[in-house]
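Take the two lone chains and join them into the complex the hints point to.
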Amino acid sequence: MKYSFYNLVRNSFSYHENWEKAWSSPELKPEYDVIIVGGGGHGLGTAYYLAKEFGVKNIAVLEKGWIGGGNTGRNTTIIRSNYLWDESAALYNHAVNLWEGLSSELNFNVMFSQRGLFHLAHSVHDMQEITRRGYSNYLNGIDAEILNQEQVAKKIPHMNMHGRYPVLGALLQRRAGTARHDAVAWGYARAAENLGVDIIQNCEVKGIDISNGKVVGLQTTKGSVKVDKVGLVPAGHSSVLADMAGFTLPINSVPLQALVSEPIKPILDCVIMSNSVHVYVSQSDKGELVVGAGSDAYNSYSQRGSFDMIEHMMAPLVELFPIFSRLKMLRSWGGIVDVTPDRSPIIGKTPVKDLFINCGWGTGGFKATPGSAHVFAETVSKGEPNDIAAPFSLDRHYSGALVDEAAAAAVAH
Amino acid sequence: MFVINCPYCGERDQTEFSCHGEAHIARPDNPAEVSDEEWGEYLFFRNNPKGIHFERWTHDHGCRRWFNVMRDTVSDKIIKTYKMGDQKPGVTDV
Chain A
14 MKYSFYNLVR NSFSYHENWE KAWSSPELKP EYDVIIVGGG GHGLGTAYYL
64 AKEFGVKNIA VLEKGWIGGG NTGRNTTIIR SNYLWDESAA LYNHAVNLWE
114 GLSSELNFNV MFSQRGLFHL AHSVHDMQEI TRRGYSNYLN GIDAEILNQE
164 QVAKKIPHMN MHGRYPVLGA LLQRRAGTAR HDAVAWGYAR AAENLGVDII
214 QNCEVKGIDI SNGKVVGLQT TKGSVKVDKV GLVPAGHSSV LADMAGFTLP
264 INSVPLQALV SEPIKPILDC VIMSNSVHVY VSQSDKGELV VGAGSDAYNS
314 YSQRGSFDMI EHMMAPLVEL FPIFSRLKML RSWGGIVDVT PDRSPIIGKT
364 PVKDLFINCG WGTGGFKATP GSAHVFAETV SKGEPNDIAA PFSLDRHYSG
414 ALVDEAAAAA VAH
Chain B
988 MFVINCPYCG ERDQTEFSCH GEAHIARPDN PAEVSDEEWG EYLFFRNNPK
1038 GIHFERWTHD HGCRRWFNVM RDTVSDKIIK TYKMGDQKPG VTDV
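From first to last, the protein sequence lines are chains A and B.
Numbers in our numbering are just positions in the first sequence, counted from 1, shifted up by 13.
Numbers in our numbering are just positions in the second sequence, counted from 1, shifted up by 987.
There may be inaccurate statements among the hints.
[To be verified] Interface residues of chain B toward chain A, partial, derived using beta-carbon atoms under 8 Å:
1) Arg1033
2) Thr1060
3) Ser1062
Since the hints were made in silico from the structure, they are not lab data.
We treat Cβ as the ideally placed atom computed from N, Cα and C, and that holds for glycine.
Isolated chain B, as found in the complex (with noise of 0.2 Å):
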């Protein structure tokens, strides 16, 4: 189990909290002019990687709001939270 540091609250417990999936994924600018490949890629298709993953996690039973993780998918190691908007972090930045 995970101690998660919310970016407003400080460190809690991860059943405080919950993953939404990856993040940084933009959503096309023109729904209506992509094709049904890139509409698809942008719907279903996701980095699953063995190694560093960022995802969006929500604090349900705190302060209710939005946030990215950088988390190591082999370990299950946070490596940085971080509020939405802010720049992805590089692997070489932490």
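Just chain A, same shape as in the assembly (with noise of 0.2 Å):
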């Protein structure tokens, strides 16, 4: 059923009590021509984009909780594309292109709002970064605007420009934003559904078949299963899920927490973000403070970080924000990222024929939601990435291409 101001209007006469499940809980078949392993964003994107763009017809997405549960329900819901080096610039504004029509695409409104990104500089050197990077995005097409102190200051008028971390200037992005992460898997999951893939639940993959050195089918917690192509899609379990094939990934899975303040009235405008003092912040459409910062250093799969991370988040809030210092943080939750040594992702073939991955996005896969799945989906159709996704493959960790946006944009993303 479509979602429209029609249908709104028909089900008010049963009070809203007939509509349809937006997706369903189908068996899982004997055989698939495509698998995708994990039900986050990236996944059921890959899907979709698989049914809709590239004509595949039996596909199937396994995940191993609830649709949504991992990552893409964790994050802090920033959506930005103003990276330093092409590759990723090219990559994250493919996102970005197709974030701003995937309500009307999906027929699902993910709440995407692009209230603009400010990334604040501190130092002289903060402002050096700033305008290298604000100048390679004008070359890319990407919008940007180096801001002087007045400038912010005019914009955020409650910021203190003048305390321990002085604010000197900023890089501003508006066609950055945020956006409903779980209406962006509920979206995904339900127009996937629509083009006929199975979306199975509760289904854990526990073993890899492989014949020849081809992948030929999964083992899982719903049985066996036989495939043609297998893409992998899931995240801080990449390395679980290489180890199954019988290979190594270069990343290491860490804890990355976040939190919300109690809900008050409209504040901020606009994301914050701060690499030098590490804190990024914006207000939600219920009225929260979303905070985020730096992940733990050690590896996890605890899904909980430490709490000396929560002071380093919340110190450099209340010394940016003094108005912010008697709110009560309602939740803090962790998730586990699987982070690549030069912070860019994984993208294409692995060395199991007819295997790929999409892993590696660490602390800031949300954002290339969109961009991800579409060419992940184009990499699985045609057996080799197309030109954006080709600088991200699992060999640049051989030959030394690494697309280096841990030092580009200092730490997170």
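Given below as structure tokens:
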């Protein structure tokens, strides 16, 4: 059923009790053409684009928990594309272009809000970094405005410009913003199922069957299944799945935390990000401040981070916004993120034939969801990455052609 | 948050320490002769187990010495800490 004003009115006559389910719970079939492992935004999106644009008919998405229950539902929902290197700019801007039409494409309101993102500079070095990145963005056709102290103070009047972390300027991307993370998973799931994709929840992959160097099937908690091609989109558990297929990845899985405050009246109409003092904050439509920062440095699959990291987030937040100092924080949570040495994702082929991987998004995968899903769908269907995905191959860790965004953007992504 | 048993100082709060990734990785003896694949494996590819992990830590705000930790990445429980150069413990040793 299409979501429309007409159907809203029509369903109101039956007190909204007859809306059909957005997606069903089909049984696992014995055989598929393509199986996507991982039912987050990237995985569901991949299945959607495979069915819609690349003509694949028989697709399943296997999710070990519930869809969108992993990092898709655990991030701070920030979307931007102001990356330094050409390769990253192409990938993340492809995503922003798709974000802009996503709600109508999926017939599902993902609440994409281009409220603008201010990347703060606190020192002469920071000013040089944002200026360099801003000009690099211009050259790549990405909108960027380099603001001085006065301009920032005017835009964000309640920010402490002259405190312990003086604000000297900011890099503003107006097309950046936030989206409703759950809606992204739900929207892709509903749209994919309308195209015939089976979404199998509570189905964990336990083994990968390989014959003569080619993937032929999967062992799952709901039985075994034969398959022609597999796309792994497992985020934090990338190394666990790679291990099943007999190869290792240049990845460490670490905890990343975020938290939200009690809801307050509208006070912050943009996204604030600071790499130097390391905090980012935006206000959700419900009124909560959504706050994030850096990951822990040790490997873990525990989905909880250390308490001192929360202190490291809160200290700069309160210094930059003394007005927030009496707010209570309502919830904090952790996700497990798969971090690569160059902080750029891995998209493409693996040592196993017809087994593809899309992982290593680390601390900043949400912003790329539609772009990542779109280029990965093309990679899976054609067997070769397209121009946007090609620089992010696993092979770059042998050739040395890293896309080193860790150095470019300092930390947060 | 962990309490970490520094082999030199005893039990201290985790905030005094920092983690530096997987332990027991041997640098190839002949870097000029190994292939790009072998060098890439050495530089970047890591065991990232869901389970027992061996890793290097430093006691930054204490003795500032390096040591190794054997830890379960599912529960974050530290099983053993030992000095650099000590034999890597087997899973059955502890």
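Outcome of the hint check:
Taking 8 Å as the C-beta cut-off, the interface hint given for Arg1033 of chain B holds, the closest approach to chain A being about 6 Å. Nearest Cβ of chain A to the Cβ of Thr1060 of chain B: about 5 Å, under the 8 Å cut. The hint holds. For Ser1062 of chain B, the shortest C-beta to C-beta distance to chain A is roughly 7 Å, which falls under 8 Å, so the interface hint holds.
Checked against the numbered hints listed earlier, the structure breaks none of them; every hint is satisfied.
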